[in-house]
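Undergrad: Sequence:
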Amino acid sequence: MKKAILFFAAAGLLMTSCQKFKKAEGGLEYKIVDDNAKEKAVSGDLLAIDIVQSTDRDSVMSSTYEMGIPQIVQLYPDSVIAKNPGDPTGLFKYVGEGDSLVFKINLDSMAAKTHQPKPEFADKFLVFSIKVKKHFKKGKLTDQQLGEQVQKYFEEELNKHKAAEPAKLEKYIKDKNLKTTKTASGLQYVITKPGTGANAKVGDSIHVNYVGSLTTGLVFDTNLPDVAKKEKIFMPQRPYEALKFQLGVDGVIPGWTEAFQLFNKGTKATLVIPSSLAYGDRPSGKIPPYAPLVFEVEVLDIKPGKVPAPAPTTPGTVAPTATAPATKAPAAKK
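Numbering (full-length UniProt numbering), first residue to last: 1 to 334.
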């Protein structure tokens with residue numbers, strides 16, 4: 001999928017240099033690539049689109065293909081668009097379901113309009129390659145009815161991701177020839193270097209190095225600067241140091257809470273974590289919904305600790321439970 005993303009973006013950039021673009025207001029330039037839809041979008045309609053944002057230096061900046069979830073854009077009347085020259089949503093009246101277009105935003109024009117410095121990661125343009133996946137026609141529908149159509153569409157998209165997850169896990173394990181140990185929860189792991197001493201327990205402070213990736217190979221996070229630079233996710237403002245967290249107390253994904261109780265100091269391991277032990281149906285950063293995650297981890301240190309005692313309740317109240325709020329304690333009978 002990653003190769004397909006790059007190919008699609010490269011195709012958009014190729015058209016930027018080899019084909020004539022039409023000029024629009026506000027420094028926009030655009031080209032209709034596929035023009036097959038019989039019905040084009042009109043004011044009030046919604047479009048579900050896949051979009052690849054690239055620089056004119058051939059670098060892909062972001063892509064909905066990586067997330068597997070399209071974006072929704074709404075079409076506005078020409079009178080509204082006219083008040084915002086350069087708004088790319090004005091271009092979507094030229095496309096319908098199955099169509100595609102490429103548009104370029106002139107960085108000089110954008111800098112003049114926003115009064116912000118011109119970004120350094122591109123020379124003259126930002127390039128956007130668009131594919132229309134679904135056309136929601138407003139017509140005589142109420143806003144609620146139109147919204148229900150969109151909600152149903154996204155539920156179907158999420159269900160596709162959910163149904164595809166078991167095959168993704170199986171394929172990854174097979175392709176990597178991993179001999180994993182699988183727990184009852186679905187966590188899979190391979191210890192590549194055994195550690196020494198006692199395993200970590202809830203309440204202990206854990207110090208780790210890690211690299212997190214999708215089963216596609218896309219690295220989404222790491223605390224190792226060399227890896228971050230290689231994968232083009234390095235952030236100069238971020239401190240790259242060992243991650244420290246209190247096991248079972250600090251907010252890490254459930255897959256980590258379970259896994260690190262199986263390891264001792266010095267352990268190196270590969271974790272293959274199903275989405276049920278990670279982010280589930282909630283996209284996070286570069287992580288799509290229902291995405292199994294892969295982590296290469298190294299336990300640098302384990303410092304004994306204990307789980308903090310529950311916060312004391314106010315005198316005269318009953319501690320809250322998962323289903324009931326705190327209430328006044330019943331008065332003693334005389």
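Think of the hints as simulated: they come from the structure by calculation, not from any bench.
A hint or two may mislead.
Stated by the list, open to error - Using 25 Å as the maximum straight-line C-alpha spacing, the simulated SDA-like pairs for lysine to any residue come out as follows:
#1 Lys131 with Gly195
#2 Lys244 with Gly285
#3 Lys265 with Lys171
#4 Lys230 with Pro254
#5 Lys162 with Ile69
#6 Lys230 with Val80
#7 Lys229 with Asp56
#8 Lys23 with Lys38
#9 Lys138 with Ala37
#10 Lys182 with Gly195
#11 Lys230 with Ser205
#12 Lys286 with Gln144
#13 Lys93 with Asp143
#14 Lys306 with Gly280
#15 Lys268 with Pro308
#16 Lys303 with Gly195
#17 Lys171 with Lys93
Claimed, not checked - Now the in silico label distances, taken between C-beta atoms and shown as ranges:
#18 Lys176 with Ile72: 31 to 39 Å
#19 Gly217 with Lys140: 44 to 52 Å
#20 Pro239 with Leu262: 23 to 31 Å
#21 Thr192 with Pro239: 55 to 63 Å
#22 Thr192 with Gln145: 20 to 28 Å
#23 Lys232 with Gly44: 53 to 61 Å
#24 Ile32 with Thr142: 50 to 58 Å
#25 Gly203 with Gly44: 34 to 42 Å
#26 Ala167 with Tyr94: 36 to 44 Å
#27 Glu156 with Tyr94: 35 to 43 Å
Cβ atoms here follow ideal geometry from the backbone N, Cα and C, with glycine treated the same way.
Undergrad: For every hint, state whether the structure bears it out.
TA: Now for the hints, and whether the structure bears them out:
no. : hint                           : in the structure
1   : Lys131 with Gly195             : 50 Å, violated
2   : Lys244 with Gly285             : 21 Å, holds
3   : Lys265 with Lys171             : 31 Å, violated
4   : Lys230 with Pro254             : 28 Å, violated
5   : Lys162 with Ile69              : 13 Å, holds
6   : Lys230 with Val80              : 44 Å, violated
7   : Lys229 with Asp56              : 21 Å, holds
8   : Lys23 with Lys38               : 24 Å, holds
9   : Lys138 with Ala37              : 17 Å, holds
10  : Lys182 with Gly195             : 19 Å, holds
11  : Lys230 with Ser205             : 29 Å, violated
12  : Lys286 with Gln144             : 30 Å, violated
13  : Lys93 with Asp143              : 19 Å, holds
14  : Lys306 with Gly280             : 29 Å, violated
15  : Lys268 with Pro308             : 28 Å, violated
16  : Lys303 with Gly195             : 15 Å, holds
17  : Lys171 with Lys93              : 41 Å, violated
18  : Lys176 with Ile72: 31 to 39 Å  : 36 Å, holds
19  : Gly217 with Lys140: 44 to 52 Å : 47 Å, holds
20  : Pro239 with Leu262: 23 to 31 Å : 28 Å, holds
21  : Thr192 with Pro239: 55 to 63 Å : 27 Å, violated
22  : Thr192 with Gln145: 20 to 28 Å : 54 Å, violated
23  : Lys232 with Gly44: 53 to 61 Å  : 39 Å, violated
24  : Ile32 with Thr142: 50 to 58 Å  : 31 Å, violated
25  : Gly203 with Gly44: 34 to 42 Å  : 56 Å, violated
26  : Ala167 with Tyr94: 36 to 44 Å  : 38 Å, holds
27  : Glu156 with Tyr94: 35 to 43 Å  : 27 Å, violated
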